[in-house]
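Q: Here's the letter readout for the chains.
There are 2 protein chains.
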Amino acid sequence: MKNNSSNTAPIGVFDSGVGGLTVAREIMRQLPHENIVYFGDTARVPYGSKSRDNIIRFSRQIIHFLETKEVKAIVIACNTASALALETVKEETDIPVIGVIVPGARAAVQATRNGVIGVAGTEATIRSETYTKVIRKMNPQAVVIGKPCPLFVPLVEEGFAKHRITEEVIDIYLSDMRQTKIDTLILGCTHYPLLRSRIMAFFGEKVHIVNPAYETAMDLKKVLCEGGNENRSHEAASCQFYVSDAAEKFSHFANTILSYDAGAAKLVNIEEY
Amino acid sequence: MKNNSSNTAPIGVFDSGVGGLTVAREIMRQLPHENIVYFGDTARVPYGSKSRDNIIRFSRQIIHFLETKEVKAIVIACNTASALALETVKEETDIPVIGVIVPGARAAVQATRNGVIGVAGTEATIRSETYTKVIRKMNPQAVVIGKPCPLFVPLVEEGFAKHRITEEVIDIYLSDMRQTKIDTLILGCTHYPLLRSRIMAFFGEKVHIVNPAYETAMDLKKVLCEGGNENRSHEAASCQFYVSDAAEKFSHFANTILSYDAGAAKLVNIEEY
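Protein chains in written order, with numbering that gives the first Met the number 0: chain A, 0 to 272; chain B, 0 to 272.
Honestly, I wouldn't trust all of these hints.
Copies of the same chain look alike in the list, so a pair counts if it fits in one copy or across any two.
[Claimed, not checked] Restricting the straight-line Cα-Cα distance to at most 35 Å, the calculated cross-link-like pairs of lysine-lysine (DSBU-like) are:
#1 LYS205 to LYS68
#2 LYS146 to LYS221
#3 LYS265 to LYS132
#4 LYS161 to LYS180
#5 LYS136 to LYS220
#6 LYS248 to LYS180
#7 LYS68 to LYS180
#8 LYS146 to LYS248
#9 LYS265 to LYS205
#10 LYS161 to LYS248
#11 LYS248 to LYS136
#12 LYS89 to LYS205
#13 LYS132 to LYS89
#14 LYS265 to LYS180
#15 LYS221 to LYS89
#16 LYS161 to LYS146
#17 LYS205 to LYS132
#18 LYS248 to LYS89
I should point out that these hints are in silico values taken from the structure, not numbers from a laboratory.
Build the full structure now, drawing on both the sequences and the hints.
A: See the structure below:
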């Protein structure tokens, strides 16, 4: 834990694009006094179809950028980067870095009754089997069934979350999983909570849906408490948004997800970090 | 025209990902003696949702990379980069650079009988109105109707080109255009020829479908002839593939598009150029 960081220093939160806003929203709700610096890598979105080496390089550049903002903790609000880069990048900085996989896995292990857990995620997240490994460490008897759903991110990014076509794509990707005995499903990509009601309707009440954002914010709170780093200021918290491309489109999207005016996002040339 | 370039020097062809292979395929067909160096920017695909500044920066880096391969001509086999970056980058190099927009526009102007031309493309290509401007220069009376189809690229990249869901997405995007008087439609993104038969079936025989790849290869031939730069060697031509990410996935895709074994694609850290 970095001791020279001020309690009023912000939390750094990053994602490949807009998906991580679902995590930022949960942090704002649970930790309303914390300032946030959010970075969305919109120039290189999506991450889910890309390789481990590039995801590590992208994550490293973003952490260097967040360090210039003197953040006191970093949340990788992207399942793909949490699965592929967290273990490497957390060794390279003094700032505590947490991802979304361990919190999501823990929530699923606590929720399941029969030990059969589904994970929907990007191609890279599922292929890495990180959720499977983390869940098995917590419960060696657990059965984990992963399914890559690569079109979910573009459907959300292009504004089709509530469109009929999305129902059909859910059906194409998740019908096989509905035939299994899963009683718990992890939304293993931060874009997927934006399809939550559709996915819940598809599986029905028997399947408990886990959004790792809630547990991730809880973990962040614990990390800050343990380091004595909570923001005790009574000033209104701020959230600044940075992106690597298309700032206007991002701001428009952010305003549909967040409950207040996100303001204008600022453009960063992330390849320079 | 660069005079010190050897006739056996390769043609550089680049795209945001696999889409430009439809152009490379046409060059191989029309210019079977020319060697090709293909670069697919798979680390930053898709381009169509990104800004002019970033598309110019990406294109500049790729041209620097292709210069290290001593190419004698460059084909921007990507409509988004042709629309947003060609004018800027062609001033910055001695190597002739051609894009796909002028050839595609010319083919459409020659094909149309009533002067009403449709253009399907990415968000960035359509918003730039480059096709409209280029067509109007050739035929000031032409009416151009553009339509962004942002889900077509992920559908192709994720292997859904022949899936029923793609028919529905075609219907969602192009139904309005079918109600207009267009008699010619430009496939204004190099991924879209992979949906050609579906789009042709949707519009029926009344609408002529233009794939700019054919005219682009013709233009390239003309540029090489004018510069006396055709490859007159009788050795078998070669094609080398480079990508910025996920080389294996790219090679797999290339083998489904090309009529011969594309071999392994090599990985390049494009941000270093």
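Q: Compare the structure with each hint and give your call.
A: Quick rundown of the hints versus the structure:
With identical chains, the CA atoms of LYS205 and LYS68 are never at most 35 Å apart, being 44 Å at best within one copy and 58 Å at best between copies. With identical chains, the CA atoms of LYS146 and LYS221 are at most 35 Å apart within one copy only, with a shortest distance of 31 Å there and 49 Å across copies. For a Cα distance limit of 35 Å, the shortest separation of LYS265 from LYS132 across copies, 31 Å, qualifies, whereas the shortest one inside one copy, 37 Å, does not. For a Cα distance limit of 35 Å, the shortest separation of LYS161 from LYS180 qualifies both inside one copy, at 27 Å, and across copies, at 31 Å.
For the homomeric pair LYS136 and LYS220, the shortest alpha-carbon distance inside one copy (23 Å) is at most 35 Å, but the shortest distance between copies (61 Å) is not. Proximity of LYS248 to LYS180 under the C-alpha cut-off of 35 Å is restricted to the inter-copy arrangement: shortest distance 32 Å between copies versus 40 Å within a copy. Taking the shortest Cα distances, LYS68 and LYS180 never come within 35 Å of each other, neither inside one copy (46 Å) nor across copies (55 Å). Within a single copy, LYS146 and LYS248 get their C-alpha atoms as close as 29 Å, and across copies as close as 18 Å, so both meet the 35 Å cut-off.
For a Cα distance limit of 35 Å, the shortest separation of LYS265 from LYS205 qualifies neither inside one copy, at 43 Å, nor across copies, at 47 Å. Within a single copy, LYS161 and LYS248 get their C-alpha atoms as close as 18 Å, and across copies as close as 30 Å, so both meet the 35 Å cut-off. Proximity of LYS248 and LYS136 under a CA criterion of 35 Å is satisfied inter-copy only: 31 Å between copies versus 40 Å inside one chain copy. For a Cα distance limit of 35 Å, the shortest separation of LYS89 from LYS205 qualifies neither inside one copy, at 37 Å, nor across copies, at 60 Å.
In this assembly of identical chains, LYS132 and LYS89 lie within 35 Å of each other by CA distance solely inside one copy; the values are 18 Å within and 50 Å between copies. With identical chains, the CA atoms of LYS265 and LYS180 are never at most 35 Å apart, being 46 Å at best within one copy and 42 Å at best between copies. Taking identical chains as interchangeable, the C-alpha atoms of LYS221 and LYS89 lie at most 35 Å apart only when both belong to the same chain, with a minimum of 17 Å there against 55 Å between chains. Both within a single protomer and between protomers do LYS161 and LYS146 lie at most 35 Å apart by alpha-carbon distance, with minima of 21 Å and 21 Å respectively.
In this assembly of identical chains, the alpha carbons of LYS205 and LYS132 lie at most 35 Å apart only when taken from the same copy (25 Å versus 56 Å across copies). When the C-alpha separation of LYS248 and LYS89 is checked against a cutoff of 35 Å, the pair qualifies both within a copy, at 31 Å, and between copies, at 29 Å.
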